[in-house]
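From first to last, the protein sequence lines are chains D and H.
Under the working numbering, the first residue of the first sequence is numbered 1, with each subsequent residue one higher.
Under the working numbering, the first residue of the second sequence is numbered 1, with each subsequent residue one higher.
Every clue listed holds true.
Heads up, incomplete: computed chain D residues facing chain H, CB under 8 Å, no partners named:
#  : residue
1  : Phe-21
2  : Ala-22
3  : Ala-29
4  : Ala-50
5  : Ser-56
6  : Thr-68
7  : Thr-84
8  : Cys-88
9  : Tyr-96
10 : Ala-117
11 : Leu-125
12 : Ser-129
13 : Gly-169
14 : Phe-173
15 : Ile-177
These are computed hints drawn from the structure, not numbers from a lab.
Bear in mind that the values here come from a model prediction, so they are computed numbers and not experimental data.
Every residue, glycine too, gets a C-beta built ideally from N, C-alpha and C.
Take a look at the letters that make up each chain.
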Amino acid sequence: MNSQANPISTLVWTFGLMSLFAVGGANSAIPEMHRIAVDVHHWMDEKQFADIFAISQLSPGPNVLIVTLIGYSVAGVAGALAATLAMCGPTAVLAYYVSHLLQRSRHSRWPAIIQAALVPLSIGLMGASGLILALTSDQSWIAGLITAAVAVLAFATRLNPVWMLLAGGALGFAGVI
Amino acid sequence: MVLESPPAAIPGPDIPTATPPIQPGLLELFVAFAKMSLAGFGGVLVWARRGIVDQHRWMTADEFNETFALCHFLPGPNIVNLSVVFGSRFRGIAGGIAAFAGLVGPPMVIATILAALYARYGEIDALRRILTGVSCAAVGLLIAVVFKMMMPLIKKRDAVGLVILLAVFVAIGLLRLPLQAVLLVAIPLSLGITYFMRQRVNG
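Model the full assembly from the supplied sequences, consistent with the hints where possible.
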């Protein structure tokens with residue numbers, strides 16, 4: 001894909017393809033989004049990517065909306081719309097057909113096998129997302145400490161994650177990080 | 001939109017309701033999914049379950065778990081798949097589109113506004129500091145979800161699963177290989193091994 005191409009069609013092509021490979025949801029596709037947005041197309045730098053991830057976590061709705069933010073930064077409102085529809089469309093069509101197919105063969109054991117096979121892949125992908133985002137977000141030891149503290153809190157307690165995000169924001173505002 | 005809870009965390013089936021499912025209309029589908037989505041700071045899945053099973057009684061808990069399992073093994077955003085599958089089950093393609101538009105439309109407007117604000121004010125120092133703090137915390141949340149999802153594999157002593165997990169982590173996270181290339185190798189391999197292991201257990 002050359003850089004002279006229409007940015008909208010690049011967005012549609014990129015996220016349309018990614019949609020079909022996003023095993024385990026949008027969070028598994030973050031390394032690929034990072035690779036494409038930062039390394040391949042230079043749509044944004046590391047810092048902006050980390051910011052966009054933070055904004056996407058702060059806003060309501062499904063995780064997939066990180067592509068809305070990437071699309072907006074590439075081509076404004078049209079880019080936001082194009083990226084979101086491209087990321088959701090192909091897999092939605094696939095889901096529609098597969099669900100109709102499976103209604104007829106409900107007791108097949110393939111869905112269970114496919115799911116068992118894909119679970120480790122999606123966890124590995126999400127782990128890679130965590131690593132890549134930690135490398136871009138945690139530029140100081142105190143930042144790394146906050147990430148680790150939130151990880152432990154979120155793992156061990158049922159505290160609403162919004163509070164942890166807001167606490168992180170407050171610490172940042174106070175100039176601690 | 002805080003991270004989705006792992007599928008293992010879905011509550012088990014409740015007492016099945018005897019009443020036949022009520023058939024929602026297109027507007028009802030749109031509004032219901034818009035509400036779930038906008039409430040979805042703690043993961044849309046939790047709210048989707050509450051809305052579909054408990055509040056509207058459009059599905060029993062078992063039907064919901066089955067539908068979600070299907071949407072989880074398909075690629076792409078799980079909850080988006082769920083909205084399409086759910087909507088189309090009641091009202092065909094139009095129902096799928098109505099549910100999808102409700103789920104994605106309103107939060108997309110909010111995300112676009114936030115993106116515009118960021119593009120305009122993103123360089124202001126106070127905002128920069130806040131975003132730095134939020135992203136540190138957000139990464140921590142993601143890491144917690146990863147460990148939560150790993151627990152069932154560790155408890156089952158699923159060595160094969162953990163090796164595949166680690167291999168994908170290294171290929172994508174450390175070597176930064178393209179997703180498609182990694183998955184084109186990893187998916188058939190993982191499917192083959194899982195199938196073979198189950199055959200051996202059964203046979």
